[in-house]
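**Student:** What follows is each chain in one-letter form.
There are 2 protein chains.
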Amino acid sequence: MRILLVGAGGVGDAIAKIAARRGFFELLVVSDYDESRAQRTVDWIRTKHGDEVAARFATTQIDASDPDIVASVAREHGATHVMNAVEPKFVQAIFAGALAAGADYLDMAMSLSEPHPSDPYTQTGVKLGDDQFAQGPDWDAAGRLALVGMGVEPGLSDVFARFAADHLFSEIDELGVRDGANLVVTDEEGNEIFAPSFSIWTTIEECLNPPVIWEEEAGWFTTAPFSEPEVFEFPEGIGPVECVNVEHEEVLLMPRWIDAKRVTFKYGLGAEFINVLRTLHMLGLDSTTPVRVRSDDGPVHVAPRDVVAASLPDPATIGPRMTGKTCAGVWVTGTGTDGGAREAYLYHVSDNEWTMREYDAQCVVWQTALNPVIALELLATGVWQGRGVLGPEAFDAAPYLDLMARPESDGGYGQPWHVEDRLA
Amino acid sequence: MRILLVGAGGVGDAIAKIAARRGFFELLVVSDYDESRAQRTVDWIRTKHGDEVAARFATTQIDASDPDIVASVAREHGATHVMNAVEPKFVQAIFAGALAAGADYLDMAMSLSEPHPSDPYTQTGVKLGDDQFAQGPDWDAAGRLALVGMGVEPGLSDVFARFAADHLFSEIDELGVRDGANLVVTDEEGNEIFAPSFSIWTTIEECLNPPVIWEEEAGWFTTAPFSEPEVFEFPEGIGPVECVNVEHEEVLLMPRWIDAKRVTFKYGLGAEFINVLRTLHMLGLDSTTPVRVRSDDGPVHVAPRDVVAASLPDPATIGPRMTGKTCAGVWVTGTGTDGGAREAYLYHVSDNEWTMREYDAQCVVWQTALNPVIALELLATGVWQGRGVLGPEAFDAAPYLDLMARPESDGGYGQPWHVEDRLA
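Protein chains in written order, with the working numbering: chain F, 1412 to 1835; chain E, 1412 to 1835.
Honestly, I wouldn't trust all of these hints.
The list makes no distinction among identical chains, and a pair is therefore deemed to hold if it is satisfied within one copy or across any two copies.
Claimed, not checked - Okay, derived cross-link-like pairs now, SDA-like style, lysine to any residue, Cα gap no bigger than 25 Å in a straight line:
#: 1; residue 1: 1500; residue 2: 1437
#: 2; residue 1: 1459; residue 2: 1626
#: 3; residue 1: 1538; residue 2: 1454
#: 4; residue 1: 1459; residue 2: 1639
#: 5; residue 1: 1538; residue 2: 1695
#: 6; residue 1: 1538; residue 2: 1788
#: 7; residue 1: 1500; residue 2: 1706
It is worth saying that the hints were derived from the structure and are not from the lab.
Just chain F, with the same shape it has in the complex (with noise of 0.2 Å):
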């Protein structure tokens, strides 16, 4: 296997630490628009792991929004897969240049949705991922493989539902993905700040769209940003935070593979981060269409949204600041193998404490990239095979979650999960 890995921001930086553990590549080239930050990526695993194993490492320079690059650096560096780590505004080019060079593919966050133009709140406009599953017909006849959403969430959440489905239900009612953290960041004298452990940007996107949600008489439909507020109760410490519907792929994946009545993804925001998104939104800076405004230099055009992001830290610099676990799971119920009712948080907890010692990487980002590092293996070790475009719950759980779960020194990840069962 030699895998494109486009993008060494974060995630991107993680990915290519956590699999310099592993042997099941031949060759990773760290691909980046700024070559330096993933010259960066190399120059740790180097430090950290001696010359060896970077010498399995390449560096380039890559432009990820125009597909005709992505293809030709896959080409040139003999690609077989092309992992994208890069924002989700790329996805479509990508994905293009992985066909083109016939690599397989894989991503963490599938094609943007559009709201439905008269009835956002109410009815799907296009769909994330619609505009990659369109293109299922050409991958499947290419035979080639892109398996979209592999990173924790989508991703893991959606290796949950499958493993759920298969091993611990034999009806599911819903499966709700329930995402939560008690992350604290602090300024250099000790006081809590606020800062988010991922992309704002990111995250007003996702929390501002119509979130979806999925019934099996329904189908796909959409609610008002912040709908069905509930307090979920975290496993680990965490405890009890205010989570609510939030707009995200394993409601547009897991149906298309798995049954159950109802499929949901609830954020938890906690009640200081919704309250902050509802405030932007209400004077308008969460806003991506730029405004005319003074400077020093004379009037400029910004987008609010982005002032935003550059007033706040840089999630990727927060982690030695940072205290605390972040949890990813999916909330099953309905009737387990046994005939009875049944109620299960399937999860898996990061401890930003641990992945700040073992990879210089945050929790949340660290725990994002560890998942397609475990699909690529599957891939290479050919336990996961396929073709066309699909989810990670088109595939079997099992091996994954063993793999996952099995310590270092047997082969594994050494990353235990959890089935906590919840009816009295």
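Add chain E to chain F, keeping to what the hints say.
**Tutor:** Just chain E now, with coordinates in the frame of chain F:
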């Protein structure tokens, strides 16, 4: 009287329009950095009142940041009075320019404060107006008057305080300025939108600076922003509004001329606006320090606060889509002239429907502009006389309030004010 009006923004425009109905001055020169704004004001006066009235107005360009230019424009037009109607950051330049030109001076906001360097939420640093009062001896020696803080708040509020001290109370416990409104702004479709009726830039400055309080024993001291919230009941249908301490000129002015045990300013921001300001502060979007932001023309540097201001509707343009009233006043407690306990709210209400119909000016801006015109008239007629740097409470309040309340048909401004006794 020959007046140089510096600034033809919302308040400057309304000052000229209000003055156009009065005969006390010989010439009013409307000046602005953008002379077309001044021209627009005079064009409105010509259309509304005819050539004869408009003949007492002129326009010119001015750079309010340069005292030499202010002085030279004042001399050129033989200005006897310089009326400052621009942002407080230009106070020092216009103040100096007026004195250099040998003119009297009026403003509606005083020289800016600087927080205490180590203990900002307990101790004052540089206070509002400190820089101006320090130059009092120069004005006194020159035989010239600087009447500072002569808008509605500060301004009318200080006149009310002086009136209460002279005519309603024998001893004052607290002079509590209380400002509130029930203004609502709607978009084209009639949906309520967030659109502050006053410059958000200035509002952030006022509300996030440490609020200042004066007490007989302690003198001036500060608190954390938004301290001492209280729900104040405003008259004429406005109703209850949540008010909090805010840094404001009255607290610096009133104790210099009026005996009171305590002086406070609370602004009826309402819970929603307080939340907006807190959120902007938490995100660093109140900052005036430029941040680097991507734009279609490459990276640029903009101050987040300027972007917030640019993203919201221009307060000068929302009048036609606004409904409601704004109330300015002083809540006075203590001992009445009859020796019994007394609590009274002295106030003036401005109704947006009326100010739009009569002046094409929204009510908050119009109410601010009304007061310096009344003061100029009292100075022109010699009813008010003084030298040095003085606040409105240094002058007799009775003729001011009489001129304000008397019907236009009887030579007044037709703006009644009220005393509401609140002690059961």
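**Student:** Hints first: check each against the structure and report whether it holds.
**Tutor:** Going down the list of hints, with the structure as the test:
| no. | hint | result |
| --- | --- | --- |
| 1 | 1500 - 1437 | neither (29 Å within a copy, 64 Å between copies) |
| 2 | 1459 - 1626 | neither (48 Å within a copy, 63 Å between copies) |
| 3 | 1538 - 1454 | neither (39 Å within a copy, 53 Å between copies) |
| 4 | 1459 - 1639 | neither (46 Å within a copy, 55 Å between copies) |
| 5 | 1538 - 1695 | within (24 Å within a copy, 34 Å between copies) |
| 6 | 1538 - 1788 | neither (30 Å within a copy, 66 Å between copies) |
| 7 | 1500 - 1706 | between (28 Å within a copy, 16 Å between copies) |
Hints 1, 2, 3, 4, 6 from the list above are not met by this structure, while the remaining hints are.
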